Amino acid sequence: MTPDQEMTEQTRWMLAVRDERDKRAFVALFDHFGPRLKAFVMRGGTGPELAEEVVQEVMLSVWRKAHQFDPTRAQVSGWIYQITRNCQIDKLRREKRPLPEMIEEEADSGPDAGDIVALEQESAHLKQALHRLNPEQREMIEKAYLGDLSHTEIRRITGLPLGTIKSRIRLGLERLRHELKSMREI
Amino acid sequence: MSKISHHLPESVLAAYAAGSLPYAYAMVAAAHVSMCAECRAIYEAHQCAGGLVLDDMEGMAVSQNTRRQLMDSLDLEAPPEPPAPRAFGVYPAPVAELLGDGGPRWRKVGGGVRQQILHYDDAGSIRLLSIPPGRAVPDHSHGGLELTLVLQGSFSDETGQFGCGDVEVGDPDLEHTPTAGEEGPCICLAATDAPLRFRSLVPRLIQPLLRI
Ligand SMILES: [Zn+2]
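Taken in sequence, the protein lines are chains V and P. Reminder that position 51 of the first sequence reads as 51 in this note's numbering, one-by-one numbering, no gaps. Reminder that position 107 of the second sequence reads as 107 in this note's numbering, one-by-one numbering, no gaps.
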């Protein structure tokens, strides 16, 4: 698969890290996400020193777990978000977060650039929708994904149109259907 | 394999993606998402949304020191990754991991029903239940939310029928008598945030001993 012109910078950086272990691309990713990660972690009430530790740990995981990045199932920021929350829970709550079974891709079932761009477009739409929310709703959404709302409070979240991104991810999973099926037959 | 018809509510999947689900519920969510592509897509969609919130943050400068340390550590050999947990029998990977080698160590709890407590703390409990065909779990209610995932066979109760992969979401006021289907033993994974309370006298007396 060749990186497509239409792909976002972030995705191209991440694929270069994943497929070519490209350090310059990693630096670009760090310059984009590092400061955002620090702000994200500090917003959750963590002090600056510990926040920098989390940033370092998360970005090192991005480098080391790059082979797990599947751009048809999450845009780069979504994938990093997940690593961050796992790291925060392990580190700050001292609890191992239960994770779903991993689905490994078959060697010959790789996605094409079209699938990747399609997911990116869905996430761009979702971002626009996020920006159209009124400030109160938006604050609720932020709090929810920062992990500041309890699971009973999360019920009140409305207004994020996730339908289309869900069906895109579902297609990404379909590609791996064989694995899901074999998992069930063990 | 019959189709899954009882799914996790979206709010539970959102909370799971956001990392705000208590451990016991997160385990049931991880197990169900391992079995259900539908809910996996919803869960991953919420992770994508979380990513957008992260991407929208106004950045704060990261120290040069952190940056340097990070770049230096790229060339270090990574500690060997523990192998990804794998499914074992009817147990999806996250449950198999919690079970450890050798599968469940069942204990009798009466009426032919067996259980193993997998986790127990102030925030809740996770246990496996094995119910013989056609038998019922003693009538019980629970203080909090109870999530029950079927891993093998089926059960039915006052609210409906639940097959492999289905989750029953029991509200705090649900009093039910789950009865296993006739086709074979039913194995379930159940999580609560409160100790179960049995209504009949004897089970209540032995409850502290059994930690149920
Ligand atoms: Zn489901």
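It should be emphasised that the hints constitute simulated quantities derived from the structure, not laboratory data. Owing to the predicted nature of the structure, the values given are computational and were not obtained by experimental measurement. Mixed in with the good hints, there may be bad ones.
[Claimed, not checked] Simulated restraints, written as ranges between beta carbons of each label pair:
(1) Asp72(P) x Glu136(V): 25 to 33 Å
(2) Asp112(V) x Gly160(P): 40 to 48 Å
(3) Asp31(V) x Arg107(P): 51 to 59 Å
(4) Gly163(V) x Ala194(P): 28 to 36 Å
(5) Ala194(P) x Lys91(V): 39 to 47 Å
[Unchecked claim] Computed from the model, here is a short list of chain P residues facing chain V with C-beta under 10 Å:
(6) Ala17
(7) Ser20
(8) Tyr25
(9) Ala29
(10) His32
(11) Glu38
(12) Gly50
(13) Arg86
(14) Ala87
(15) Pro92
(16) Ile117
(17) Asp122
(18) Asp157
(19) Gly160
(20) Gly163
Here a beta-carbon is modelled for each residue, glycine too, at the ideal position from N, C-alpha and C.
Notebook entry, point to check: Which numbered hints are broken by the structure, listed smallest first?
Noted result: 1, 5, 16, 17, 18, 19 and 20
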